[in-house]
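Trainee: Generate coordinates for the entire structure from the input sequences, incorporating the hints supplied.
Just so you know, we're using this note's numbering here: the sequence shown kicks off at 80 and counts up by one.
If you are wondering where the hints come from, they were derived from the structure by calculation, not from laboratory data.
No experiment lies behind these values; they were computed from the predicted model shown.
Hints may be right or wrong, so weigh each one.
[As the list claims (entries may be wrong)] Simulated crosslink set (DSS-like; lysine-lysine; CA at most 30 Å straight-line):
1) LYS100 with LYS159
2) LYS159 with LYS189
3) LYS167 with LYS100
[Claimed, not checked] Between beta-carbon pairs, the in silico distance windows are:
4) ILE158 with VAL186: 18 to 24 Å
5) LEU99 with LEU164: 17 to 23 Å
6) GLY105 with PRO193: 43 to 49 Å
7) ARG111 with LEU180: 42 to 48 Å
Virtual Cβ for every residue (Gly too), placed ideally from N, Cα, C.
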Amino acid sequence: MAWIALLLAAVCQTVWTYSLKYADFGALVSLRITLPILGLVLLNIVSGLANVYFLNIAFRYVPLTTAFGLWTAGTLVFIKLADVLFLKAPWSFAELFFVGLLAVAIVGLKLAAPN
Numbered sequence: 080m081a082w083i084a085l086l087l088a089a090v091c092q093t094v095w096t097y098s099l100k101y102a103d104f105g106a107l108v109s110l111r112i113t114l115p116i117l118g119l120v121l122l123n124i125v126s127g128l129a130n131v132y133f134l135n136i137a138f139r140y141v142p143l144t145t146a147f148g149l150w151t152a153g154t155l156v157f158i159k160l161a162d163v164l165f166l167k168a169p170w171s172f173a174e175l176f177f178v179g180l181l182a183v184a185i186v187g188l189k190l191a192a193p194n
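Mentor: Shown next, in the form of structure tokens:
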């Protein structure tokens, strides 16, 4: 369950990152509130809280350094995947190689972690 919580935390962190990028907090502060502006701000808040919740669960059962490393690497992988798949960002074989190294490191950390 802790590994699933860690995966969900990385997904929530990815959603939080993109909602932070696209949310218009300036419009919210100046009270120009529309549904899209409010929706992205609420998504930012909910995904941030969910991220902390799932990360807290993972930290209870997975060694802290392993969990933090996996969460960070997983978030980076998800952000790169979202960039390429949804935002049609360019990618290179070098990037694919290094993301692959992250994936290998994630599996290695999981296998090496004490039970």
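Trainee: Now tell me, hint by hint, if it's right for this structure.
Mentor: Structure-based check of each hint:
1. LYS100 with LYS159: Holds: LYS100 and LYS159 sit about 15 Å apart, inside 30 Å.
2. LYS159 with LYS189: Holds, at about 21 Å.
3. LYS167 with LYS100: holds (16 Å)
4. ILE158 with VAL186: 18 to 24 Å: Given about 19 Å between the Cβ atoms, the range holds.
5. LEU99 with LEU164: 17 to 23 Å: Since LEU99 and LEU164 have Cβ atoms about 19 Å apart, the given range 17 to 23 Å holds.
6. GLY105 with PRO193: 43 to 49 Å: holds (47 Å)
7. ARG111 with LEU180: 42 to 48 Å: At 44 Å between Cβs, range holds.
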